[in-house]
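**Student:** Below are the chains, spelled out letter by letter.
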Amino acid sequence: AQSVAQPEDQVNVAEGNPLTVKCTYSVSGNPYLFWYVQYPNRGLQFLLKYITGDNLVKGSYGFEAEFNKSQTSFHLKKPSALVSDSALYFCAVRDGNSGYSTLTFGKGTMLLVSP
Amino acid sequence: DAGVIQSPRHEVTEMGQEVTLRCKPISGHNSLFWYRQTMMRGLELLIYFNNNVPIDDSGMPEDRFSAKMPNASFSTLKIQPSEPRDSAVYFCASSPPPLGTQYFGPGTRLTVL
Numbered sequence: 001a002q003s004v005a006q007p008e009d010q011v012n013v014a015e016g017n018p019l020t021v022k023c024t025y026s027v028s029g030n031p032y033l034f035w036y037v038q039y040p041n042r043g044l045q046f047l048l049k050y051i052t053g054d055n056l057v058k059g060s061y062g063f064e065a066e067f068n069k070s071q072t073s074f075h076l077k078k079p080s081a082l083v084s085d086s087a088l089y090f091c092a093v094r095d096g097n098s099g100y101s102t103l104t105f106g107k108g109t110m111l112l113v114s115p
Numbered sequence: 116d117a118g119v120i121q122s123p124r125h126e127v128t129e130m131g132q133e134v135t136l137r138c139k140p141i142s143g144h145n146s147l148f149w150y151r152q153t154m155m156r157g158l159e160l161l162i163y164f165n166n167n168v169p170i171d172d173s174g175m176p177e178d179r180f181s182a183k184m185p186n187a188s189f190s191t192l193k194i195q196p197s198e199p200r201d202s203a204v205y206f207c208a209s210s211p212p213p214l215g216t217q218y219f220g221p222g223t224r225l226t227v228l
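As given, the protein sequences belong to chains A and B, one line each in that order.
3 is the number that our numbering gives to position 3 of the first sequence; each next residue is one higher, with no gaps.
128 is the number that our numbering gives to position 13 of the second sequence; each next residue is one higher, with no gaps.
These are computed hints drawn from the structure, not numbers from a lab.
Watch out, some of these pointers could steer you wrong.
[As the list claims (entries may be wrong)] Here are the simulated BS3-like cross-link-like pairs (lysine-lysine), alpha carbons at most 27 Å apart as the crow flies: (1) Lys77(A) x Lys58(A); (2) Lys69(A) x Lys22(A); (3) Lys139(B) x Lys183(B); (4) Lys49(A) x Lys139(B); (5) Lys58(A) x Lys22(A); (6) Lys107(A) x Lys193(B).
Between the sequences and the hints, there should be enough to build the whole structure, so can you do that?
**Tutor:** Have a look at this one:
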């Protein structure tokens with residue numbers, strides 16, 4: 001079985017400050033990890049993924065995420081938040097060892113960036 | 116690329132009516148997924164197709180729900196009869212082989228009165 005935990009329902013940050021959205025995962029095989037963002041009344045939009053290689057992954061809109069195998073975490077980060085980053089963020093995992101494993105999503109974290 | 120296309124974008128219907136949601140995946144993608152999103156339950160995977168074949172339909176809530184993928188470029192999700200608790204946003208997503216990144220459509224907001 002695989003699962004994702006996003007421990008914070010909401011994260012508040014001031015514009016210009018760094019932001020972190022937390023994610024921990026559980027998977028029996030090799031973790032493939034993803035972050036998606038959802039703006040109001042829109043579909044989920046792919047931000048970045050970790051499959052293998054460098055633990056620091058860079059994605060769209062200046063976001064990056066750090067894979068930490070020992071802590072089973074994949075936190076999303078951005079050095080300087082923008083008001084336009086305010087949205088719902090989803091972490092997801094799948095088992096890379098399984099040919100038919102599908103994505104398991106966390107419950108989402110609402111990011112609110114204040115001016 | 117046009118991305119994943121879903122229709123209709125909004126659907127309002129009365130309890131007991133049949134509802135059909137449509138999805139056109141990205142060309143070249145061989146996996147297709149139907150999700151449902153509600154405030155209470157979050158994002159739920161309903162069914163997953165690979166090469167037009169249903170692989171996992173364990174998320175389909177009841178026999179009232181059915182999904183088909185007659186060819187690589189079209190899928191439908193049907194609810195018959197619809198109930199108010201089916202009100203949600205339904206997303207279709209597709210991914211390239213081998214089970215690569217999923218790309219989501221804009222969703223269909225279904226309201227059952």
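**Student:** Between Lys77(A) and Lys58(A), does the CA-CA distance stay at or below 27 Å?
**Tutor:** Holds, at about 10 Å.
**Student:** If you draw a straight line from the CA of Lys107(A) to the CA of Lys193(B), is it 27 Å or shorter?
**Tutor:** Cα-Cα ~26 Å, so holds.
**Student:** Are Lys58(A) and Lys22(A) close enough, with their CA atoms no more than 27 Å apart?
**Tutor:** Distance of about 16 Å is within 27 Å: holds.
**Student:** Keeping to a limit of 27 Å between CA atoms, is the pair of Lys69(A) and Lys22(A) held or broken?
**Tutor:** 14 Å, holds
**Student:** Would the pair Lys139(B) and Lys183(B) pass a check requiring their Cα atoms to be no farther apart than 27 Å?
**Tutor:** Holds. Lys139(B) to Lys183(B) sits at ~12 Å (cutoff 27 Å).
**Student:** Could you grab the alpha-carbon distance between Lys49(A) and Lys139(B) and see if it respects the 27 Å cut-off?
**Tutor:** 24 Å, holds
The structure fails none of the hints (numbered hints given earlier).
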